[in-house]
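Engineer: Can you build the whole structure from these sequences, using the hints too?
Okay, so the sequence shown: first residue is 277 according to the numbering used here, each after it adds one.
Treat the hints loosely; a few may be bogus.
Quick list of in silico lysine to any residue cross-link-like pairs, SDA-like style, CA-CA up to 25 Å [unchecked claim]: (1) 310 to 329; (2) 328 to 302; (3) 310 to 327.
Each pair of labels, with its calculated beta carbon distance range [unchecked claim]: (4) 316 to 289: 27 to 33 Å; (5) 287 to 314: 18 to 24 Å; (6) 317 to 279: 29 to 35 Å; (7) 279 to 311: 17 to 23 Å; (8) 284 to 311: 19 to 25 Å; (9) 335 to 279: 26 to 32 Å; (10) 300 to 324: 18 to 24 Å; (11) 316 to 295: 29 to 35 Å.
Think of the hints as simulated: they come from the structure by calculation, not from any bench. Treat the numbers as computed from the prediction; the structure is a model and nothing was measured. We treat Cβ as the ideally placed atom computed from N, Cα and C, and that holds for glycine.
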Amino acid sequence: LMSDTTMTDEMFRLATAFGYGWTDLQRFTINAMKSAFIHFDERLAIIDEVIKPRYAVLAG
277 LMSDTTMTDE MFRLATAFGY GWTDLQRFTI NAMKSAFIHF DERLAIIDEV IKPRYAVLAG
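Structural biologist: Laid out in C-alpha cells, this is it:
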C-alpha cells in the first residue's frame, strides 16, 4: 500500500482512538462488504461464511 498501513493497523487505530469493540468493527466490516464491487450473492456469502464467523471467534 502506498500509505504503508494495513487494515489491521487501521482497525486497531479506530478501536484505540474511539473505544470501538468487536461488535463495532464487525458492523464496519459488514458495511464495507455491502459496498464491495462484486455480485450481491457473493457479498452475502462472504458476510455469512467468513466475516460473521470470524468475528464470533474474536468476540468469544
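Engineer: Using the C-beta atoms of residue 317 and residue 279, is the stated range 29 to 35 Å upheld?
Structural biologist: Holds, at about 32 Å.
Engineer: Using the beta carbons of residue 279 and residue 311, state whether their distance is inside 17 to 23 Å or not.
Structural biologist: For residue 279 and residue 311 the Cβ distance comes to about 20 Å; the hint holds.
Engineer: Is the distance from the Cβ of residue 300 to the Cβ of residue 324 consistent with 18 to 24 Å?
Structural biologist: For residue 300 and residue 324 the Cβ distance comes to about 19 Å; the hint holds.
Engineer: Does residue 328 pair with residue 302 here, judged by a C-alpha cut-off of 25 Å?
Structural biologist: holds, 7 Å
Engineer: Can you tell me whether the CB distance of residue 316 to residue 295 sits inside 29 to 35 Å?
Structural biologist: With a Cβ separation near 33 Å, residue 316 and residue 295 satisfy 29 to 35 Å, so the hint holds.
Engineer: Holds or violated: 26 to 32 Å for the Cβ distance of residue 335 and residue 279?
Structural biologist: holds, 28 Å
Engineer: Given a hinted range of 27 to 33 Å, is it respected by the beta-carbon distance of residue 316 and residue 289?
Structural biologist: For residue 289 against residue 316, whose Cβ atoms are near 30 Å apart, the range 27 to 33 Å holds.
Engineer: Determine whether the Cβ-Cβ distance between residue 284 and residue 311 falls within the hinted range of 19 to 25 Å.
Structural biologist: Cβ of residue 284 to Cβ of residue 311: about 20 Å, so the range 19 to 25 Å holds.
Engineer: Does residue 327 sit within 25 Å of residue 310, going by the straight-line distance between their CA atoms?
Structural biologist: Cα-Cα ~12 Å, so holds.
Engineer: Within 18 to 24 Å or not, the Cβ separation of residue 287 and residue 314?
Structural biologist: Once the Cβ atoms are compared, 21 Å apart, the range 18 to 24 Å for residue 314 and residue 287 holds.
Engineer: For the pair we were handed, residue 310 and residue 329, check the Cα-Cα distance against 25 Å.
Structural biologist: holds, 17 Å
Consistency note: the structure conflicts with none of the earlier hints.
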